[in-house]
Amino acid sequence: MSETATESRPTPRLSTPQMLHLMRLEVERALRQRYPISCLMFGLDGFVDSELLLHRKVLMPLFFQELKAVTFERDIRGLGIWTEGFELAVFPHVAPEDLQELAQALLERARSVRHETLPASVPISISIGISHNLHPGEVSFASMVEEAEGGMGLARTAGGDRIGEWRAVETELEKLKVELEHQLKEIAEVQDKIFGDQKEEEDLFGRNLVTKVLTLFQDESDHSEAVVRLEKEVIALLKTELAAWSQTSSASKLLASQKQIENLERRVAKLTESLSATESALKQIAAAKNIDLGVASIFRNVQGLTLEDALYEAKREMLKNIFEANVALRAALSSKAS
Amino acid sequence: MSKTQEPTHESPKKTEGVLYLGVDFGTSRSSVSASNGVRETVSSFVGYPRDVVSRKMLKKDVLFGDDALKNRLALSFFRPLEVLKKEKPDKKDFDHNLKAAQDLLQEIIRLAKPRKDELVYAVIGVPAQASIHSKDAIVSTAKQCVDSVMLCSEPFSVAYGLDMLDDVLVIDIGAGTTDLCRMHGTMPEDSDQTTIYHAGDWVDTKFAELLSEAHPEAQFTIQMIKEIKERFSSVAEEAERAVVNLPVNGKPTEFDVTDLLRESCRGIVAPIVEGLHKLIATFDPEFQVRLKNRVLLAGGGSQIKGLDNAIQREMHRRLGGGKVLRIEEPVYGGANGALKIAHDMPAEYWEKLK
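Here the protein sequences come in this chain order: X and A. Position 28 (the first sequence) corresponds to 28 in this note's numbering; numbering is contiguous. Position 267 (the second sequence) corresponds to 267 in this note's numbering; numbering is contiguous.
No lab work stands behind these hints, which were simulated from the structure alone. Every residue, glycine too, gets a C-beta built ideally from N, C-alpha and C. Each hint should be verified, as a subset may be incorrect.
Per the computed footprint, the stretches of chain A lying under chain X, defined by three or more beta-carbons under 8 Å from a beta-carbon of chain X, are [said to hold, decoys possible]:
id, region
1, 31-40
2, 98-109
3, 160-167
4, 270-278
5, 298-311
6, 317-326
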């Protein structure tokens, strides 16, 4: 039996961006060649307090090892990365139902993951989201990851060892915005309906009445001054009465719809309040990132060239030239813009 | 009767002081010197996460400098000043790079840590051949972050920073270009400046070509070439041996690239001296000798070991003499000069350009 000598060489390790690049290429290839590809994202629930945050660094690689183990057991091959916040993997030629089975196995194994530094009393749970390309919608690497992340978020919120199907990718804020838009549309529709129907009905009734009265006068053979005056008076009276009737009728119908409108408006106000609270919280977080007040300059006032400078004359002329060149540049730019 | 006070959302009044910024906006590296003592430099690279995953992983919407370089596979990667200098760039390419340049400039100004209650006046040194579009973008971006801004040419700011305004030749070796500027006591005109394309990037390309010829089995990228150059570049005969590890079929292998690197670096000497020759020959004959003896070597490329002596030797050979002085701080030379210009600029000029 002959032996083949092989050179012992360490497997080259890829950095996370490199691996991410390969994952993106893998998804693009699957979409181009139209074979199934699934994406799995999972993350550790909780562990956001300062005391537990450090344990993420220890636990996430352990979970990644578990993910590798369950894929090898099933002879599934994929590409994956892990960060402190989440783990992400793509599996070419893997149908979503197979990945769901893999996810359940991963969930089982994750329960037994422990580390010596973590107190036994701290519970460990993970949430998993899965997405795939076997649906009619538009798919890209980004959309698959977003859907898997949405699923992971939903799993985290729902909790309790459940499997759920989730289609739309909607954040809390987006949901509120959609609901608010819907409610505003509903109010506009109700108002349109009330005023539109009412006006149409009133117009028709008024037109019929006026036609009948005018016909009556046209049929009258007597065209004396008294009859003409009477015709004018009748038409004027008819006009006034119709306007008064229309107002009374609209008011009664409006009153009936008022309650419905008020209810809808209260709902809109509540949603608006909730939306602005969310947006202001987001702004606060964004502002908190830039709390550095800066470093004070050593100068309290504008300085400028001093007469004591040995090259005062030459410098003064040069500074003037720089200024004029900048003025000319601005002028050229503004004339170009106009 | 009391008036109801309404909350205001205006920025704080700028009455606490004046912060001057000198910015060197370069192809390879951008630096800022500020009158609050802050000095920062960043590689002129900008990257935007390519997709939602990259953004989540990197936890940033935009990355700059070495951070961007390190993660470039996950980013849409830009080296904006390179494109902005082009005479006829592709429109789409130009727009993307313009946005990147604007973000980079904002980052540079942010690095200077300006206070919100201080007036901020900036002088920005830009490449001599930057297009009017680029200058427009730079001015409009800077105006968002500072109270008043002026642009000036890079080699000029170097000379101004050193108070060498009369009969001086400045060689500013950047990544994309080498700018030569003749100073004679007044603002340099177009005829006082010349630009050649034998600069840092040219050395990289030349070195890569020579390395491929000499060691076709070696695998490398232009970024690896740049790193080797920045560490070992020299034109001196007796320099430290440049022994580097490059992969050959995946296996790290040692190569001695000293001679190849020296040859590449020496490639820029003759074109620079040729440029100097033109500027000297067209100068007032009475002052040509003085001009030859006051040559300033600045910019990132001036860090090539022995380059000052090599240029001086070539000047002796072709022009019969000359003296080259390397500036003390190649990285901050331009920014320091721009800061000095900002400091010396009269208040009314700043006011008029607000």
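Evaluation of the provided hints:
1. Counting residues of the region 31-40 of chain A whose beta-carbon sits less than 8 Å from any beta-carbon of chain X gives 5, enough to reach three: the coverage restraint holds.
2. Judged by the Cβ-Cβ criterion of 8 Å, the region 98-109 of chain A is not covered by chain X as claimed, because only 0 of its residues qualify and three are needed.
3. Coverage of the region 160-167 of chain A by chain X holds. Counting CB-CB distances below 8 Å, 4 residues qualify, and the rule asks for three or more.
4. Coverage of the region 270-278 of chain A by chain X is violated. Counting CB-CB distances below 8 Å, 0 residues qualify, and the rule asks for three or more.
5. Residues of the region 298-311 of chain A with a Cβ under 8 Å from some Cβ of chain X number 0, which does not satisfy the need for three, so the listed coverage is violated.
6. Figure legend: the region 317-326 of chain A, annotated as covered by chain X; annotation inconsistent (0 residues with Cβ-Cβ distances under 8 Å, at least 3 required).
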